[in-house]
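There are 2 protein chains.
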Amino acid sequence: MASATAKPMRQQVEEYIHTLQDEIVSAFEKLDPNASSFKRDSWVRPQGGKGQSCVFSMSPPSSERSNAHVPILEKAGVNISVVHGILPPAAIKQMRADHSTLPYDPDSQASLPFFAAGLSLVVHPQNPSAPTVHANYRYFEVTEPLPEGQEGTGKVIAWWFGGGSDLTPSYLFEEDAKHFHGTLKGACDEYGQELYPVFKEWCDKYFYIPHRGESRGIGGIFFDDLSDGHHAKLSDETPRPKTADELFKFIQSLGNAFIPSYFPILERRISAPSDEHKRRWQLLRRGRYVEFNLVYDRGTKFGLMTPGARIESILMSLPETARWEYMSELGNEKGSEEEKLIEILKKPRDWA
Amino acid sequence: MASATAKPMRQQVEEYIHTLQDEIVSAFEKLDPNASSFKRDSWVRPQGGKGQSCVFSMSPPSSERSNAHVPILEKAGVNISVVHGILPPAAIKQMRADHSTLPYDPDSQASLPFFAAGLSLVVHPQNPSAPTVHANYRYFEVTEPLPEGQEGTGKVIAWWFGGGSDLTPSYLFEEDAKHFHGTLKGACDEYGQELYPVFKEWCDKYFYIPHRGESRGIGGIFFDDLSDGHHAKLSDETPRPKTADELFKFIQSLGNAFIPSYFPILERRISAPSDEHKRRWQLLRRGRYVEFNLVYDRGTKFGLMTPGARIESILMSLPETARWEYMSELGNEKGSEEEKLIEILKKPRDWA
Chain A
90 MASATAKPMR QQVEEYIHTL QDEIVSAFEK LDPNASSFKR DSWVRPQGGK GQSCVFSMSP
150 PSSERSNAHV PILEKAGVNI SVVHGILPPA AIKQMRADHS TLPYDPDSQA SLPFFAAGLS
210 LVVHPQNPSA PTVHANYRYF EVTEPLPEGQ EGTGKVIAWW FGGGSDLTPS YLFEEDAKHF
270 HGTLKGACDE YGQELYPVFK EWCDKYFYIP HRGESRGIGG IFFDDLSDGH HAKLSDETPR
330 PKTADELFKF IQSLGNAFIP SYFPILERRI SAPSDEHKRR WQLLRRGRYV EFNLVYDRGT
390 KFGLMTPGAR IESILMSLPE TARWEYMSEL GNEKGSEEEK LIEILKKPRD WA
Chain B
90 MASATAKPMR QQVEEYIHTL QDEIVSAFEK LDPNASSFKR DSWVRPQGGK GQSCVFSMSP
150 PSSERSNAHV PILEKAGVNI SVVHGILPPA AIKQMRADHS TLPYDPDSQA SLPFFAAGLS
210 LVVHPQNPSA PTVHANYRYF EVTEPLPEGQ EGTGKVIAWW FGGGSDLTPS YLFEEDAKHF
270 HGTLKGACDE YGQELYPVFK EWCDKYFYIP HRGESRGIGG IFFDDLSDGH HAKLSDETPR
330 PKTADELFKF IQSLGNAFIP SYFPILERRI SAPSDEHKRR WQLLRRGRYV EFNLVYDRGT
390 KFGLMTPGAR IESILMSLPE TARWEYMSEL GNEKGSEEEK LIEILKKPRD WA
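Protein sequences appear in the order of chains A and B. So the number in my numbering is just where the residue sits in the first sequence, counting from 1, plus 89. So the number in my numbering is just where the residue sits in the second sequence, counting from 1, plus 89.
Treat the hints as calculated values from the structure; they're not laboratory data. Some hints could be false.
Note that identical chains are pooled: a pair holds if it fits in a single copy or bridges any two copies.
Listed next, the in silico DSSO-like pairs over lysine-lysine satisfying Cα-Cα at most 27 Å (straight line) [stated by the list, open to error]:
{"#": "1", "residue 1": "LYS182", "residue 2": "LYS322"}
{"#": "2", "residue 1": "LYS390", "residue 2": "LYS435"}
{"#": "3", "residue 1": "LYS139", "residue 2": "LYS390"}
{"#": "4", "residue 1": "LYS128", "residue 2": "LYS244"}
{"#": "5", "residue 1": "LYS182", "residue 2": "LYS390"}
{"#": "6", "residue 1": "LYS367", "residue 2": "LYS244"}
{"#": "7", "residue 1": "LYS435", "residue 2": "LYS367"}
The structure presented is a predicted model; accordingly, all values stated were derived computationally and were not measured.
Modelling step: build the complete structure from the supplied sequences, incorporating the hints.
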């Protein structure tokens with residue numbers, strides 16, 4: 090999408106996610122200067138495009154660990170990718186269901202060039218009182234094919250922004266939930282009062298584990314297909330950012346809200362007392378996180394099915410360790426802190 | 090399917106899997122008399138049927154554990170279920186793809202009664218040198234609907250047996266692989282020399298993790314849709330058990346082969362030296378087990394999508410603990426024991 094400025098939107102988005110990745114990784118490194126740095130891996134996609142993964146993980150288990158500094162994070166990935174390629178007719182058809190602005194001729198066997206740029210992060214802290222967080226902001230373009238041999242980019246025929254951010258605590262602290270939702274609501278409200286409620290509900294619906302009858306966490310916001318066309322979940326009268334420039338500003342506000350939405354929570358929970366019982370519950374909740382990501386998450390499923398996809402980047406969202414117990418009593422004990430979380434996961438609440 | 094004896098096949102299968110469950114659970118309990126017993130849970134399916142789960146799990150982590158007996162098993166489930174109900178038209182259509190004997194009229198909106206009985210087991214031992222094992226034997230029937238108000242069971246219009254058993258080591262011991270495959274081959278060969286090679290290849294294809302380019306383990310046998318009709322993977326001339334009685338005998342031979350196929354392996358590995366490195370690799374391999382089961386295993390996926398399914402029984406196949414590392418060096422170090430396993434997982438070998 091060509092924007093009002095001279096730079097094409099794809100370039101603006103690429104520059105922004107690069108800067109945001111740097112800011113977020115630096116913030117985590119500054120918070121825990123005694124921990125090892127994030128591992129920065131640049132990669133190239135043979136079919137077109139590139140990316141940078143910044144990943145933190147604790148040293149592997151070792152009996153000497155007790156003497157070492159226990160890092161704040163257990164596992165974290167802050168990844169960007171900027172890829173392009175060709176959407177085959179079947180992919181266009183499937184994508185059409187969610188993206189009404191994408192032209193689709195059922196008789197056409199044509200493939201279309203695409204471009205996708207995004208930042209995706211998942212952070213699993215060590216302390217069971219500190220919640221896991223996830224955020225993802227992305228821009229997608231479909232263009233007209235260029236004649237054989239011609240260099241450059243064809244005319245943009247569809248484009249949209251998508252993204253969101255959500256929190257997954259093992260123990261519920263209401264002030265954390267209010268702070269997280271409140272910060273996201275604040276970033277949304279500037280662009281239209283109806284955005285946050287719609288995106289909050291969308292998030293609750295998306296991060297749901299049907300076979301457990303539970304949400305993955307306490308939600309946040311989730312949205313897709315934001316462009317200047319009609320939107321399935323927002324009435325045409327809803328005041329909202331519509332042009333590519335407006336939407337890019339909106340995405341930047343949300344991306345910039347990540348640090349203020351999460352760091353104050355992390356800072357006040359990292360020194361909370363912990364014990365084997367809390368750790369065990371945290372690992373059980375991480376098992377649920379794995380269940381959601383592997384069974385339901387569309388991004389993960391799409392990634393796993395894509396030939397040539399970078400599996401290590403896709404699965405960096407999984408926790409370092411997870412646990413499953415048959416018929417665990419944890420979460421069922423009346424009046425326990427664990428049960429308090431489960432109640433909220435079974436019946437999402439409004440937090441802002 | 091009515092068999093030559095007076096008892097209906099569904100009853101014979103039910104009795105057999107009940108006995109087999111008892112034998113297998115008792116054998117594990119006898120092997121480790123100092124460990125706690127399996128937890129026996131009987132359950133009833135509100136929509137029709139019942140089952141019994143026998144599950145072993147280690148005590149939850151606790152700092153006092155070092156003084157306690159370390160059990161041979163870390164987690165194990167030996168479950169039977171005998172369920173009946175109604176297959177809606179969509180389920181019949183989907184099932185038709187794999188079961189050629191199932192009559193299917195694309196214009197029909199009819200639902201059909203079904204009956205399914207099976208035993209399913211997964212055993213994850215504690216020692217990293219001792220392999221995980223899985224086995225599943227099942228019988229399925231589809232019957233004609235009975236007129237409203239009439240009690241009993243309609244005429245059987247399709248039936249089949251399915252099952253298999255496979256081994257998932259973290260470290261490869263060739264003698265274990267040969268013993269496991271050899272025992273299964275021995276049980277198959279009695280019923281036709283072509284069965285084992287076909288079922289071995291089927292197993293390698295089924296327990297494959299495309300996004301990793303690896304098999305889940307070193308295989309075994311896998312089969313489905315065995316009845317007296319045409320079979321997609323066995324030519325009509327292949328000597329094989331065909332009648333329900335013959336097939337039931339075949340299934341019993343395989344079920345009875347479980348203990349001799351696995352226990353000698355378990356017994357010789359449970360005291361192998363272990364360390365943090367081996368444990369770490371075992372947990373990474375368990376991560377792969379989780380990936381296969383949640384992303385690809387048809388039984389698990391079908392279970393998770395079934396309303397009213399007993400999730401705890403379906404997910405008892407997941408290990409107690411699993412681990413994911415970003416870009417782990419384990420498995421890539423030339424000449425290491427870990428690399429030796431990966432080579433076999435990338436290129437399955439013949440073992441018997």
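Checked hints:
Only within a single protomer do LYS182 and LYS322 lie at most 27 Å apart by alpha-carbon distance; the minimum there is 20 Å, versus 33 Å between protomers. In this homomeric assembly, LYS390 and LYS435 come within 27 Å of each other (Cα to Cα) both inside a single copy, at 24 Å, and across copies, at 22 Å. Taking identical chains as interchangeable, the C-alpha atoms of LYS139 and LYS390 lie at most 27 Å apart only when both belong to the same chain, with a minimum of 20 Å there against 33 Å between chains. Taking the shortest alpha-carbon separations for LYS128 and LYS244, neither the intra-copy value of 38 Å nor the inter-copy value of 64 Å comes in at or below 27 Å.
For the homomeric pair LYS182 and LYS390, the shortest alpha-carbon distances inside one copy (17 Å) and between copies (24 Å) are both at most 27 Å. In this assembly of identical chains, the alpha carbons of LYS367 and LYS244 never lie at most 27 Å apart, being 55 Å within a copy and 55 Å across copies at closest. When the C-alpha separation of LYS435 and LYS367 is checked against a cutoff of 27 Å, the pair qualifies only within one copy, where the shortest distance is 20 Å, while the shortest distance between copies is 39 Å.
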